[in-house]
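Undergrad: Each chain is listed here by its residues.
2 protein chains.
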Amino acid sequence: MTYCCALRLEQGLVLISDTRTNAGVDHISVFRKLHTFGVDGERFIALQTSGNLATTQAVIGHLQNALTLRQEPNLNTVNTMFEVAELIGKTLRKVLADITSDLHEQMNYSCSILVAGQIQGDKMQLYNVYPQGNFICATTDTPYFQIGESKYGKPILDRALYYKMPLDDALRCALISFDSTLRSNVSVGLPLDALVYHKDSFKIPTGKRISENDLYFTQISKQWSETLRRGLQELPKPTADYDL
Amino acid sequence: MTYCCALRLEQGLVLISDTRTNAGVDHISVFRKLHTFGVDGERFIALQTSGNLATTQAVIGHLQNALTLRQEPNLNTVNTMFEVAELIGKTLRKVLADITSDLHEQMNYSCSILVAGQIQGDKMQLYNVYPQGNFICATTDTPYFQIGESKYGKPILDRALYYKMPLDDALRCALISFDSTLRSNVSVGLPLDALVYHKDSFKIPTGKRISENDLYFTQISKQWSETLRRGLQELPKPTADYDL
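Those protein sequences? They're chains A and B, same order as listed.
Under this note's numbering, the first residue of the first sequence carries the number 26, and numbering increases by one thereafter.
Under this note's numbering, the first residue of the second sequence carries the number 26, and numbering increases by one thereafter.
Just to be clear, a hint being listed does not mean it is correct.
Chain copies aren't distinguished; within one or between two, either way the pair holds.
Distance condition first, Cα-Cα at most 27 Å in a straight line; then the derived BS3-like pairs of lysine-lysine [claimed, not checked]:
1. Lys224 <-> Lys119
2. Lys228 <-> Lys247
3. Lys119 <-> Lys262
4. Lys224 <-> Lys262
5. Lys115 <-> Lys189
6. Lys119 <-> Lys189
7. Lys247 <-> Lys262
Keep in mind the hints are simulated off the structure, nothing from the lab.
Chain A extracted, bound-state conformation:
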C-alpha cells in the first residue's frame, strides 16, 4: 500500500509520501511516490501517487515524455493549476484506456494522484485526482488530502490541523500522522519523501528523504510516544460508575 498526505495552508504546501510498494507480502520494494516538476521562479508542480505502480509510472512517464519532446500540452506550458489537474486526469484516462476500454475492468489498474503547486499568475492549489480522472480541490475548510492508507493518520490531522497553521507546526503534524501510520500498518514504510513549498516563492524545493536512521524523525517519534503516554496518565481518573 501507500500513504501520501498533502496540506495546502495559508503559508504554503507540506507534502509527504512513503515509498513502500508491495505485490504480495513477499515482494516489497522502494519506489518514490513524490514527484516534482516545474521551472524555478515560474512554476512548481508536485505529484503524489498511490495505487497500481505500472499505471502511476506510465502517467509520470507520459508527462515527462511530453516535456522531453516538447509536446503540447505539457506541465511547463499549461497556464494554471486547474489545467495541470486536467492534464493529469486526461493522461490517467489515456493510460487506462490503453489497457482496456471496459471502465469497470480499468479500476483493477487504477490509481489516485495528489497534485499540488503554483504557477505564476495563479493561486497555489491542491487537487485530488480520482481513479476515474476527475478531481476535487482543497479549500480553507478542508485544507488537506490523503491517499492510500489514510485512516491511521487522520485523527491527528482532524484534531490539530487548520488552514492558518504555521508551516513548521503543520510539518510536525504531518510527520506525526506518518509516524502513527508506520507503527500501525506494515504496508506503509520508510523512507519517506517530504517537502515544504512556500507560497509565492515559485522555488522548486529539494525536499528531504527521511530514512530509518533519520535523527530528527526518530527523536519526534520517541517524544510523541512519551507525550501520548503521559497525556493518558494525566487524564482525570474514570468516574465511579465505570466499576473500577
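With chain A held as given, fit chain B onto it using these hints.
TA: What follows is chain B alone, placed relative to chain A:
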C-alpha cells in the same frame, strides 16, 4: 459501520462498543452492540458485534433462545470460554446457512463477533470470531482485538497499550481510541457502551452508557485535544534541511 474494541489484560477486561448502525447515510439508528450473559459468581460472557445487523441479532437471538428454553448446549452450560467461542461460531454458521448454502454469497450477510469472559475453573479469555465462524484468541503479545472501523483508533492502542497496564489506564486508552474514531468517521457514533470486568471476580458488570452529554467523556476528549496540540508544539523544531 461500527467500532468495537476489547482488551484482555492481566487484571481484567475492558470492552467498549459504539451503537451506530446505518443502512445508507439516511437510515441511521442506535442499536446496542455490547451484550452480556452469564451467572453472577459463576460465569461472565460478553459479545461485541459488527456487520450485518439481522445476522448479529439472529446470533444473539439463538443464544438467548437456547437459554430461555434450556436447550443444550447453551451459554450457561458450556464448560470453558473455548466452548463459548465454538458455540458462537457454530451459531453464526447456522444463521448464515439458513439464508444460503453458497459460502461466497453468505459473506454479504456476515458479521464479526468479539467474545470475552471467564467461567469458573477456566482462564479469562478474549476471542475474535471471524465471519466464517472460526476464531483466534488474544494473547499477552496481542492483548486487544478491534472489529469494524478499527484503523482510526489503532495508533493509540499500538503506542500505549500493554498487557500489564492497570485497568483504569487501559480504560482511558480505549476511550481515547474511541474518541479519535468518533471524530474522524461519522459512521461510528455515540452513545458508547463500556464495561470493565475484574479477573476472577465472576461478577457481571453493569457497564456504563456514554452519551452525548457525558461529562467525563467530554472532559477527557477536550483535554486530549489540548494534549495533542501542546505535544505537537513541544516537539523540537524541524531541522534546517526541511527548507522552512
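Undergrad: Against this structure, judge whether each hint is valid.
TA: Checked hints:
For a Cα distance limit of 27 Å, the shortest separation of Lys224 from Lys119 qualifies neither inside one copy, at 32 Å, nor across copies, at 61 Å. In the homo-oligomer, the alpha carbons of Lys228 and Lys247 never lie at most 27 Å apart, since the shortest distance is 33 Å inside one protomer and 40 Å across protomers. Within a single copy, Lys119 and Lys262 get their C-alpha atoms no closer than 58 Å, and across copies no closer than 43 Å, so neither meets the 27 Å cut-off. Taking the closest pair of Cα atoms, Lys224 and Lys262 come within 27 Å of each other only across two copies (20 Å); inside a single copy the shortest separation is 45 Å, beyond that limit.
Taking identical chains as interchangeable, the C-alpha atoms of Lys115 and Lys189 are never at most 27 Å apart, the minima being 33 Å within one chain and 55 Å between chains. In this assembly of identical chains, the alpha carbons of Lys119 and Lys189 never lie at most 27 Å apart, being 38 Å within a copy and 56 Å across copies at closest. Taking CA atoms no more than 27 Å apart as the test, Lys247 paired with Lys262 passes in both settings, with 25 Å inside one copy and 15 Å between copies.
Violated hints for the displayed structure, listed by number in ascending order: 1, 2, 3, 5 and 6.
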